[in-house]
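Chemist: Assemble chain B onto chain A, guided by the hints.
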Amino acid sequence: MPLDLAPRTYRPYFAALMTFPAACFVMTAVTDLIYARSANMTWETFSIWLLTIGLIAAAVFVVIGLVQAFGQQRWPSMITRVGYAIVLVLSVFNAFVHSRDGYTSVVPGGLMLSIVVVLVLALTWVMNLKRAPRRSHSASFLMSGES
Amino acid sequence: MRRASLFLLCAGLPLLALAGCHSKVASPDDQVGPNVTLPDPQAYLLPPMKIAPVKPWQNGEMPIAGAGLKVQPFATGLIHPRSVFALPNGDVLVAETDGPKPPLNRPKDFIMGLIQASGKKSGPKAPNDIILLRDTQHTGVADQRFTFLTHRHSPFGMALIGDNLYVADTDAVIRYHYTPGQTVMTDPGEKLTDLPGGPIDHHWTKSMVASPDGTKLYVGVGSNSNITENGMPAEFERAAIWEIDVATGAHRLYATGTRNPVGVTFEPVTHKLWAVVNERDELGPNLVPDYLTSIADHGFYGWPYSYWGQHLDPRVKPQSPEMVAKAIVPDYGLGSHVAPLGIAFSTGNAIPAQYRGGAFVGEHGSWDRDPFNGYKVIYVPFANGRPSGKPVDVLTGFLTADGHARGRPVGLATGLDGALLVADDVGNSVWRVSAAQ
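Quick mapping for you: the protein sequence lines, in order, are chains A and B. Under this note's numbering, the letters of the first sequence match residues 218 to 364, in that order. Under this note's numbering, the letters of the second sequence match residues 505 to 941, in that order.
Next up, chain A with everything else stripped away, as it sits in the complex (with noise of 0.2 Å):
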């Protein structure tokens, strides 16, 4: 196998920046739990914020991982992709949960999804590691089609 000398620049960035949303989507969650706690609303506010900013930046990342899929052929792991899909779905859900005026725009249903999205979020990058082959430093960019 030739050696790939391919920049650094063409490793698939999506699985690198969705750790930005994924700390939105873990906070919201924190959040969430201090309203379900103390039903003050700053809380809730923090809530909604931190899931559409959490969703914007998700959003300008998928199209930076659509352009690098199908534009250079590097894609995130099939674990990553599903993972992701399902944390931005429910996070979408969970927005509009979260719309809601009062106590119901957290407990239950956005507290819940919260949550929920957590495990998914952890589940994928335990799934990640465990798949990803032990490798050398020095032969870290051959792993190029991964992340």
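FYI, nobody ran anything at the bench for these hints, they're computed from the structure. Just so you know, these numbers come straight off a predicted model, no measurement behind them. Treat the hints with caution; some may be incorrect.
As the list claims (entries may be wrong) - Sample of chain B residues facing chain A (criterion: CB under 8 Å; computed from the structure):
hint : residue
1    : K605
2    : P607
3    : P611
4    : I678
5    : T732
Even for Gly, the Cβ is constructed at its ideal location relative to N, Cα and C.
Modeler: Just chain B now, with coordinates in the frame of chain A:
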């Protein structure tokens, strides 16, 4: 990524289905009158928003008057007239007013702002002025127009006690010395009291009426949210009817739990305070009926904890069982989301006998209900100081058959002769309704 888009599509379909399933809505007729039918509350993924696009009155088109009545264009070409007030010398004050720019607290505020803007006529912004109209020839059409008072802070309520004219801005009641016949207010005015205003100011209109003995002002102060989504501290002294002492400016809460009491007035026989109140949204197309009710001293009318008496609102935490137990059932339902923004009792002779003694109510019309509800002026007959029957249409035709809004009725007043004046903030007119012959 192909799979991802398939996933998104599959998830999107039920969303579209949900958005499309509001078409079958029970008739609102059994929510008009003293006894109303209340369905179970719904929780929405996408709350319905149905705004009537604006198609202004053209070539002298007018609303349609009810049986035995005629309508005249008392004034046209105004800018967003929201409330009218008849002075004792026959002059009529009209507030060309609109609320302050709402803050962006949640992404929803941005989306709702965009959608609701489609129901407003493009054109000059309301100047927050008060215009004086005068009908010197007594034809029913004002022939003189003066800019009476300029650049107030979203003025709405107006009241006259002796030679003092009170104007309720969104954030204060201002007292002006008034001389009958004057066409421009020269007195700079002095503040009687602050009112709950910004920075959120969700329900900004401050309707106002003077007590019959001239010692008190009653001001309707709306809630700062639909249902506490801006937090309870934002609701301090809101969703209430204030009683303000004219001599000192001191106030107390005369009644509470009235979500958005936009019209307050005194019933002429019993001299009791009455109000029209706008109830909460996003519980369903037939929840919660807006209402017309007498206002009891120290009365509590439910908001935010419950509606129509003891029906709990699931969106309020923490709940308050002791307040819910106190909640008064309103006297008379007007239907859900009709948005009653004006009330005037009918007294004078310019109106036929079958429209005398009861209350006219201006229904601005729904924006979150499909099909539309409201968009008319009704007459609720009264006997012995209580509503005594089904309402009668007084002014209709604000909506076209294809769902465009020619106008939307807001504030009402009865002139000295008893003719009804109706502010129309989309049609930019004041309509005068009187006996047909």
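Chemist: Run every hint past the structure and note whether it holds.
Modeler: Hint check results:
Interface hint status for B:K605: violated, as the beta-carbon distance to the closest one in chain A is roughly 19 Å, over 8 Å. With 8 Å as the threshold, the beta carbon of B:P607 stays out of range of chain A, its nearest partner Cβ sitting at about 12 Å, so the hint is violated. The restraint placing B:P611 at the interface with chain A holds, with a minimum CB-CB distance near 5 Å, inside the 8 Å limit. With 8 Å as the threshold, the beta carbon of B:I678 stays out of range of chain A, its nearest partner Cβ sitting at about 33 Å, so the hint is violated.
Proximity of B:T732 to chain A holds as hinted, the smallest CB-CB distance being about 6 Å (cut-off 8 Å).
Hints 1, 2, 4 from the earlier list are contradicted by this structure; the remaining hints agree with it.
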